[in-house]
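Please build the complex by placing chain B with the ligand on the supplied structure of chain A, with the hints as guidance.
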Amino acid sequence: MEKFTKVTGIAAPMPLVNIDTDMIIPKVFLKTIKRSGLGVNLFDEMRYDRQGNEIADFVLNKPQYRDAQILIAGDNFGCGSSREHAPWALADFGIKVIVSTSFADIFFNNSFKNGMLPIVLPQEQVDLLMKDAEKGANARMTVDLEAQEITTSDGTVIGFEVDSFKKHCLLNGLDDIGLTLEKAAAIDSFEAVAAQARPWV
Amino acid sequence: MSAPKTLYDKIWDAHVVSEDADGTCLLYIDRHLVHEVTSPQAFEGLRMTGRKVRAPEKTIAVPDHNVPTTLDREKGIENEESRIQVEALDKNARDFGINYYPVSDIRQGIVHIVGPEQGWTLPGMTVVCGDSHTATHGAFGALAHGIGTSEVEHVLATQTLIQKKSKNMKVEITGKLRPGVTAKDITLAVIGATGTAGGTGYVIEYCGEAIRDLSMEGRMTVCNMAIEGGARAGLIAPDETTFKYVMGRPHAPKGAQWEAALNWWKTLYTDEGAHFDKVVTLKGEEIEPVVTWGTSPEDVLPITATVPAPEDFTGGKVEAARRALDYMGLKPGQKLTDIAIDTVFIGSCTNGRIEDLRAAAAILKGKKIKDGMRAMVVPGSGLVRAQAEEEGIAQIFIDAGFEWRLAGCSMCLAMNPDQLGEYERCASTSNRNFEGRQGYKGRTHLVSPAMAAAAALTGHLTDVREMM
Ligand code: SF4
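These protein sequences, in sequence, are chains A and B. Here the first sequence stands for residues 1 to 201, numbered as in my numbering. Here the second sequence stands for residues 1 to 468, numbered as in my numbering.
Bound-form chain A, shown alone (with noise of 0.2 Å):
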């Protein structure tokens, strides 16, 4: 995995509350066996047209926002099903930062192991931030995982809470999978008392 450690970028404003995976990445484009090239469909109902069109207004489709690699959304963001194909999508698009009041629990998992780090804060601080990422192309943020600081356009600095573990692998960009696998004589020993102890499972 990439390592994730400072991100200075174009932020684009979604307050809508309660974005979905299905809106994040309808399910016509779970059929694929890969995890990559879903960027362009990131957010298709709303970024499309039937015909496949651009429909103008919708945020990532301004030219302002077309770079944006931090998203400022409203509540419970990622919702609903558990597909990892969201955070592969905008991942793909290029999405490395998303600030929210909440997040759904599977979707904020998820994106720690694609390299993306979901943040959140308190509603006033959203909307504050929502405010400066209004400002479109002019109002770069920057993130900074290693001090957990959003720094705004007009230098304002919020600090940021994020789970010790996610950030250390998150910042030397380590997979689970590998660091499971070095407690391998943990989990035998826990296999083997479990079958004393609970043998029909």
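Below, computed lysine-lysine pairings styled on BS3-like, alpha-carbon distance capped at 27 Å: (1) A:167 / A:6; (2) B:58 / A:34; (3) B:278 / B:164; (4) B:91 / A:34; (5) A:167 / B:164; (6) B:58 / B:266; (7) B:52 / B:164; (8) B:164 / A:3; (9) A:31 / B:75; (10) B:278 / B:167; (11) A:31 / B:441.
Incomplete in silico selection of chain B near chain A, CB under 8 Å: (12) 82; (13) 147; (14) 157; (15) 158; (16) 197; (17) 253; (18) 261; (19) 264; (20) 296; (21) 435.
The hints are simulated quantities; they were obtained by calculation from the structure and are not laboratory data. Yeah, the Cβ is synthetic: ideal placement off N, Cα and C, and Gly gets one too.
Relative to chain A, chain B with the ligand alone:
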């Protein structure tokens, strides 16, 4: 004496392989269910790294999302991408030696129906699947949650999951349900009360008399939609109802092992005085048959209500409600029972079990669906289908004018040809009413099986109590 524990605490503690200083745990997984949509990239990952499936005997795969449900499905899958996905699962199951129920097997069905039916899901287990409705298995007092594809690969390779413990939430439904009110109404009413993010960060334990009175089928319906309430998982403590359901299932323990298992299962309840971080209580008597009017499962109202106005809400929900009303083609103030329906779908992992089909058939018996109505029943598994045929329920559906399909996810998410057309409006027993969920621009109203049957007869959303 140790501190009192919740049911969630007990199952969690029994599965911790290791714990880091910051509380990150490695959790052992007892059962891993796999379907064709969220697994190909995980198996591909194993191949690329030369890894094996650590516990193939604890891994169970079944194709369900893409499979056609029409009677001629042995002819194969027409859509090439869908076919490739199902073929990939066939191959992965074979190559990695995991338990498998192919499309041709009568036991094939929706993964969350097959697991319990075959006795793979047992009380006190940890169960995961690359599917958010894994919460269903919580009905057995199993800690069950959905995971992403990277985690699927992680579980395949290590039989563990990296997790931090969630908080405990109690949802109590006191008293008795009134006639015409079902498990689906309970679970929708809870989401209506808490919102779709109300459970975020929690594992919910459902309890109270109305929950105890439910059959296993009903309990599965309740836990199934824990995820729509934002929770990581839903749980119901196992009791005699659970043990009776489990006993004799193909993969349930037998003989001395059954006795040993039972002894442990009987310790799986929340201790007196255990701490919950959040408590929600609803009165069973006050729950009415409900429907959704919008495009989020929290957009729930009793069938007797009227369509709300955006101004009835606050914050970001005002805009979301405006968008939802526009998408759904509804006007504030309209009576819910005046909303005309052109499609009825009975099925899904929420309501595709035998009891659900019985409830719908009881309303349909000897009647005909409204002219021009398109109605289909998609049993949750081949075995549910066979049982319904044996009980004569299938014939009731067919006589009423329903299509009687083979098992699969079908119109719940419309990945196969079962889809709504643009602006078609469906009374559906599934679990998600998101934009486009059942087909591009399709409009979904979530209801119980009995309410779906009632709507099929009248051609509009209907209070099933008037038909009882
Ligand atoms: S029936 Fe619907 S919700 Fe259940 S597993 Fe299938 S697609 Fe998912």
